[in-house]
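2 protein chains.
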Amino acid sequence: MIFKVKGYRSAALHCGVKRNPLKKDLALIYSEIPAIASGVFTKNNVKAAPVLLSMKNIKKGLINAIVVNSGNANACTGKQGMKDALSMAEKAAFMTASNKNEVIVCSTGVIGIKMPIDKILDGIETLSYFLREDGLFGAAEAIMTTDTAKKIACLNFKTGGKDCSIFGMTKGSGMIHPNMATMLCFILTDVSISKKMLDRAFKELNELTFNSITVDGDTSTNDTAVILANGMAGNKPITAYGKDYKIFYNTLEKVMLSLAKKIVKDGEGATKFIEVRVLNAKTQKEALKCAKSIAGSSLFKTAIYGGDPNWGRILSAVGNSGVTFKEEKVDISFDKMPIVKKGVEIKFNEKKAHNILMQKEVLVIVNLNYGKESASAYTCDLTEGYIKINAHYRT
Amino acid sequence: MIFKVKGYRSAALHCGVKRNPLKKDLALIYSEIPAIASGVFTKNNVKAAPVLLSMKNIKKGLINAIVVNSGNANACTGKQGMKDALSMAEKAAFMTASNKNEVIVCSTGVIGIKMPIDKILDGIETLSYFLREDGLFGAAEAIMTTDTAKKIACLNFKTGGKDCSIFGMTKGSGMIHPNMATMLCFILTDVSISKKMLDRAFKELNELTFNSITVDGDTSTNDTAVILANGMAGNKPITAYGKDYKIFYNTLEKVMLSLAKKIVKDGEGATKFIEVRVLNAKTQKEALKCAKSIAGSSLFKTAIYGGDPNWGRILSAVGNSGVTFKEEKVDISFDKMPIVKKGVEIKFNEKKAHNILMQKEVLVIVNLNYGKESASAYTCDLTEGYIKINAHYRT
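Protein chains in written order, with numbering that gives the first Met the number 0: chain A, 0 to 394; chain B, 0 to 394.
The set of hints was computed from the structure by calculation and includes no laboratory data.
Incorrect hints may have been included.
Lysine-lysine pairs mimicking BS3-like chemistry, simulated, CA-CA at most 27 Å apart [stated by the list, open to error]: (1) Lys387/B x Lys351/A; (2) Lys346/A x Lys359/B; (3) Lys82/A x Lys325/B; (4) Lys387/B x Lys325/A; (5) Lys260/B x Lys281/B; (6) Lys350/A x Lys58/B; (7) Lys260/B x Lys359/B; (8) Lys113/A x Lys340/B; (9) Lys351/B x Lys387/A; (10) Lys328/A x Lys202/A; (11) Lys17/A x Lys113/B; (12) Lys387/A x Lys42/B; (13) Lys387/B x Lys113/A; (14) Lys341/A x Lys351/B; (15) Lys17/B x Lys351/A; (16) Lys78/B x Lys340/A; (17) Lys82/B x Lys325/A; (18) Lys194/B x Lys161/B; (19) Lys328/A x Lys350/B; (20) Lys78/B x Lys42/A; (21) Lys55/B x Lys346/A.
To be clear about the criterion: a stretch of chain A counts as covered by chain B if any three or more of its residues have a C-beta under 8 Å from a C-beta of chain B, and this derived list gives those stretches [stated by the list, open to error]: (22) 25-35; (23) 64-75; (24) 100-112; (25) 369-378.
FRET-style restraints, in silico, Cβ to Cβ [said to hold, decoys possible]: (26) Lys284/A x Asn98/B: 44 to 52 Å; (27) Asn249/A x Asp117/B: 34 to 42 Å; (28) Lys340/B x Thr125/A: 33 to 41 Å.
Owing to the predicted nature of the structure, the values given are computational and were not obtained by experimental measurement.
C-beta atoms are modelled at their ideal positions from N, C-alpha and C, and glycine is treated no differently.
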């Protein structure tokens with residue numbers, strides 16, 4: 000399958016940041032005209048140089064190119080790190096005839112190591128000659144680090160009588176925790192939309208998708224999610240709430256949720272995808288907080304790994320979440336199988352519960368029976384694989 | 000070695016909560032006269048029945064007996080759970096001729112399972128006939144769950160010309176995270192001290208010891224740490240700050256820190272003890288917060304397991320801690336080996352750094368160079384062993 004979005008070109012290659020010459024480590028994405036852009040960035044107070052630069056550049060609202068490397072995060076690299084990020088932006092701008100302030104620069108990989116900047120600058124030059132409409136698939140590969148699979152999502156929709164597309168790619172499988180999830184994400188759309196409405200949709204959806212996932216509770220220094228909208232679909236610009244906005248919003252939600260789930264499914268060492276759905280909390284914010292508290296518990300995640308219906312760990316995590324609830328009102332079920340009613344265990348078939356938890360996708364439902372708002376958080380199980388991957392990542 | 004503190008008697012046995020008949024699961028501790036008592040309890044909003052009962056009983060300030068079982072936490076057990084906790088208190092009070100409101104009840108083990116209360120009540124009766132001055136060693140054994148070793152500490156000191164003792168026992172190795180650490184702890188002293196001064200010392204030291212450790216970030220439903228002071232050493236009562244208070248305080252600190260470190264060293268699956276020392280933070284509170292943020296990072300803990308000098312994960316955790324600092328001022332060293340100066344890596348011998356990290360005890364020093372306050376947090380590495388222990392704990 001070939002993924003194309005009107006007006007975007009891309010290319011990727013191995014330039015030598017990663018050791019394995021078969022692995023791509025640099026990508027360039029280019030919009031034929033500067034695109035309206037919106038972005039969200041890590042809340043970690045230690046921000047990598049490319050994050051600081053991209054935050055600055057996106058403020059004006061127009062982005063023409065994205066340059067991204069994997070294998071080195073250019074984080075905790077001092078003044079030299081900022082110089083290197085600027086060089087990447089300048090080189091990408093020069094080679095694509097863009098304004099150097101209209102470039103997003105992203106890096107992902109090991110923290111604290113100086114960038115092999117010459118290799119990257121040479122790579123950007125080469126890539127600029129190979130920009131293609133069907134190059135997005137390669138770019139999705141070039142941003143991978145410990146990811147075991149490319150993560151992309153693409154949907155088409157009609158608005159104002161015009162065919163539009165949203166394409167998204169993301170990377171991330173460790174250092175994944177809300178605010179925002181540790182990851183890079185690039186979403187490209189040809190829809191015509193105002194900066195204001197794009198910001199609203201993207202920030203709101205970010206809370207419900209990428210900020211609702213967790214792998215290991217660590218927030219990285221390099222999180223960046225950016226959306227570009229170049230308007231080349233030719234629809235009447237979306238400038239307010241209404242039918243067109245809604246269609247766009249709903250499609251974007253599907254793309255972002257799909258990408259967020261792909262990160263969790265590829266969580267380091269994960270064998271299972273887990274959705275924690277909290278029903279009937281006092282507010283939606285509390286529902287999400289509660290779901291995240293459960294999804295973030297190491298003990299919960301290891302229990303699910305072992306297929307152990309250890310619901311006490313779930314109720315304990317609810318208690319740690321700080322949300323308002325009454326223990327004697329809480330119901331818990333695994334998928335459609337009730338386990339706890341009004342805060343106490345009901346008779347259930349242990350073997351059947353174990354079998355439900357041993358499926359590839361596990362749904363845990365916690366009904367607080369306290370208010371009317373609901374939300375989901377997404378996570379994976381915690382396994383020996385996570386330890387193996389992270390004990391020797393650098394060496 | 001025999002541990003005795005004047006006026007305390009204790010006994011322990013296997014009553015049948017744990018499956019393995021060789022493992023003790025019930026202990027009774029008794030003071031010949033009601034002791035001044037102070038306690039700290041879990042901050043989890045889901046509190047086990049015995050915690051709720053003990054919190055209530057300790058308020059009046061006098062405790063005569065402690066009854067504690069392992070194998071079942073009596074948490075998330077509804078109204079029946081509270082009935083069972085009350086039965087345990089009443090039985091212990093009756094058999095030791097104590098006031099039933101002057102009993103501490105503790106349970107630790109699996110959450111959500113009904114207590115085998117008949118076995119426990121029979122056990123309490125038996126124990127009451129075997130209370131001995133040298134029975135504390137057995138009690139330390141009876142409170143173990145996934146612990147691989149008994150955890151006790153005992154120190155003698157002189158105050159007001161009298162010989163005094165402080166004996167402490169603790170349990171805990173998983174679900175360990177500040178506020179307070181997931182654990183039970185009983186400290187017995189024969190010193191004479193007012194309730195006010197005992198509270199001050201115990202709560203302050205709790206912050207610097209048990210609340211400065213983390214194993215897995217999960218706070219349990221059953222945390223309880225209690226100190227009894229029965230005054231049988233015969234010293235002039237300590238009722239204010241001064242030399243005698245200071246001697247007592249310093250000795251108690253040593254006992255509590257020793258117990259806290261023992262919990263971390265026995266952390267589930269741990270192969271190493273790690274001290275994270277943060278120097279020169281703006282306030283002591285921020286120093287502790289920063290140290291805890293690093294100590295709580297799964298990625299940091301797995302890196303130390305692998306002996307990987309991945310300092311970027313340390314700086315990233317500083318950034319996530321929310322404390323005030325400047326990245327370009329931070330120095331990091333492993334023991335005496337400098338790794339980072341002013342926020343950037345300096346040349347260091349990778350092999351030597353690896354060897355330092357592969358020792359049984361690892362000291363990580365983070366100098367923020369921002370203020371003048373320092374603090375330490377204590378943790379262990381995160382290994383495949385943690386996963387194995389927790390994936391099938393219940394089944």
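Verification of the supplied hints:
no. : hint                            : result
1   : Lys387/B x Lys351/A             : 22 Å, holds
2   : Lys346/A x Lys359/B             : 45 Å, violated
3   : Lys82/A x Lys325/B              : 19 Å, holds
4   : Lys387/B x Lys325/A             : 33 Å, violated
5   : Lys260/B x Lys281/B             : 26 Å, holds
6   : Lys350/A x Lys58/B              : 44 Å, violated
7   : Lys260/B x Lys359/B             : 13 Å, holds
8   : Lys113/A x Lys340/B             : 14 Å, holds
9   : Lys351/B x Lys387/A             : 22 Å, holds
10  : Lys328/A x Lys202/A             : 33 Å, violated
11  : Lys17/A x Lys113/B              : 55 Å, violated
12  : Lys387/A x Lys42/B              : 33 Å, violated
13  : Lys387/B x Lys113/A             : 37 Å, violated
14  : Lys341/A x Lys351/B             : 56 Å, violated
15  : Lys17/B x Lys351/A              : 25 Å, holds
16  : Lys78/B x Lys340/A              : 13 Å, holds
17  : Lys82/B x Lys325/A              : 19 Å, holds
18  : Lys194/B x Lys161/B             : 20 Å, holds
19  : Lys328/A x Lys350/B             : 56 Å, violated
20  : Lys78/B x Lys42/A               : 43 Å, violated
21  : Lys55/B x Lys346/A              : 32 Å, violated
22  : 25-35                           : violated (count 0)
23  : 64-75                           : holds (count 3)
24  : 100-112                         : holds (count 4)
25  : 369-378                         : violated (count 0)
26  : Lys284/A x Asn98/B: 44 to 52 Å  : 46 Å, holds
27  : Asn249/A x Asp117/B: 34 to 42 Å : 59 Å, violated
28  : Lys340/B x Thr125/A: 33 to 41 Å : 36 Å, holds
In summary, the numbered hints that this structure violates are 2, 4, 6, 10, 11, 12, 13, 14, 19, 20, 21, 22, 25, 27.
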